[in-house]
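S.K.: The residues making up each chain are set out below.
Number of protein chains: 2
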Amino acid sequence: MPKVSAEHSEARRAEILDGARRAFSRWGYEGATVARLESETGLSRGAIFHYFGSKLDLFVALAIEENHRYISLIVERGFDDALRSMANESPEWLGMLLEIQGRLRHDPKFVEKMEGMSDDRERIAAWLQDAQARGELRDDIEPVHLGRFASMVLNGLALRVAGKDPVDVEPVIALLHDALDHRTQEALTE
Amino acid sequence: MPKVSAEHSEARRAEILDGARRAFSRWGYEGATVARLESETGLSRGAIFHYFGSKLDLFVALAIEENHRYISLIVERGFDDALRSMANESPEWLGMLLEIQGRLRHDPKFVEKMEGMSDDRERIAAWLQDAQARGELRDDIEPVHLGRFASMVLNGLALRVAGKDPVDVEPVIALLHDALDHRTQEALTE
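Sequence order for the protein chains is A and B. The letter at position 135 of the first sequence is residue 196 when you use the numbering used here, and the numbering goes up by one with no holes. The letter at position 170 of the second sequence is residue 231 when you use the numbering used here, and the numbering goes up by one with no holes.
Bear in mind the hints are in silico, worked out from the structure with no lab data behind them. Any given hint could be a false lead.
It does not matter which identical chain is used: a pair holds within one copy or between any two.
Said to hold, decoys possible - Dumping the calculated PhoX-like pairs for lysine-lysine here, alpha-carbon to alpha-carbon at most 20 Å: (1) K225 x K116; (2) K174 x K225; (3) K170 x K116; (4) K170 x K225.
Input sequences plus hints: build the corresponding full structure.
M.R.: What follows is the structure in C-alpha cells.
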C-alpha cells in the first residue's frame with residue numbers, strides 16, 4: 062500500500078473513532094444508532110463499516126484506544142498525569158464506557174477482541190520493573206501488584222467522575238505516590 | 062407498635078432483601094421479574110410490596126444496606142477487613158450493583174432516595190477524624206480526602222472482582238495501609 066493511502070486510511074479511522082466516541086457519550090451504546098453514528102462522523106454507514114465491522118468492533122476499538130492512551134500517559138509521564146487526565150474526562154463518556162465494559166466483560170467474543178489487539182500489558186509491566194530498578198518505585202512488592210493497585214485507584218476515580226461526585230485529584234495523586242514510593246518502604250520496614 | 066411485631070417486621074424485611082439480592086445477582090435488574098422475586102423470597106408480591114413500594118425501592122434498600130455494611134466494617138475493623146470482604150463478594154452481585162448504580166446515578170428520584178436514608182457519611186467522617194487524632198492515620202491531608210481515596214480503592218477492587226480478574230487482596234491492603242499511615246507522612250516530610 063502506498064504511504065499516502067495508509068496515512069489517509071489512518072486519518073479516516075481516527076475521524077470515525079472521534080465521532081463514535083461523541084455519539085456513544087451522548088446517546089449511550091444502544092442509543093447510538095447507525096444514523097447517529099453517520100451524523101456524528103459525517104460519513105456514510107458504508108464508510109464506517111468498511112473500517113470497523115460492527116458497532117461492537119467500534120466500541121472495542123475505542124476501549125482499546127482509551128486503555129492505550131492511559132498506558133502511554135503512565136509510561137511517558139507517570140501516574141500523576143494519568144490521574145489528572147482521568148479527573149478531566151467527560152462523565153458521560155466514562156459512564157458509558159464503564160457500563161458497557163461491565164456488561165460485556167463476560168461475553169467471550171468481547172474478551173477475545175480485547176485480548177487479541179493489545180500489547181499494552183507487557184508495556185506497563187516493563188515500565189513498572191524499570192521504575193523499581195531506578196529506585197523510584199518500592200521493590201518489596203511485585204510490580205504487577207503495584208500496577209494493579211494504581212489501576213484500582215484510576216478506576217475508582219473513573220467511577221467517581223462518572224457519578225459527577227466531587228473530585229479533588231491532588232490528594233489522590235499524593236496518596237498514590239506515597240503508597241508506591243520507595244522511601245515509604247524504607248520508612249515502614251526500618 | 063408492640064416489640065414482637067417490630068421484630069417480626071424487621072425479620073421479614075431482611076428475608077425479602079436476601080431473596081431480592083439473590084434474584085438480582087442471578088438475573089440482573091431487568092431480569093428479576095416480580096415472579097422471580099416471589100420465588101427467591103418465598104413470599105407473595107403483596108408481602109414484598111408491602112415492605113418495599115417498588116422494585117427500585119428494593120434496589121435502593123439493597124444499595125444502602127451494602128454501603129452501610131462497608132461503613133460498619135471500616136469503623137469497627139478497619140480498611141483491611143473491608144477490602145478482604147470486597148475481594149470475597151460474588152462477581153455477579155457486584156457487577157449488577159455497579160451497573161445499575163451507574164445507570165441510575167443521574168436519576169433525581171434515585172439520588173433523592175439514596176440521600177434521604179443514610180447517615181453513614183457522618184459516621185465515616187467522625188471515624189476518620191478520630192483515627193487521625195489517635196495518630197493512626199496521617200493528618201497532613203484532610204480526613205475527607207483519606208476517605209475518598211480508600212473508597213476509590215474499594216470501588217476499583219469491586220470493578221476487578223466484578224470482572225472476574227485475578228485478585229490478590231493482601232498487596233492492596235498493604236499499599237492502602239502505607240498510603241494512609243501516619244509514619245509515611247513523617248518519613249516523607251522529614
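S.K.: Each of the hints needs a verdict: does it hold here or not?
M.R.: Here's how the hints hold up against the structure:
1. K225 x K116: Neither. Shortest intra-copy (27 Å) and inter-copy (25 Å) distances fail the 20 Å Cα cut-off.
2. K174 x K225: Only across copies: K174 and K225 sit 17 Å apart there, 30 Å inside one copy, limit 20 Å.
3. K170 x K116: within (13 Å within a copy, 32 Å between copies)
4. K170 x K225: Cα proximity of K170 and K225: across copies only (16 Å, versus 31 Å in one copy).
Checked against the numbered hints above, the structure violates only hint 1.
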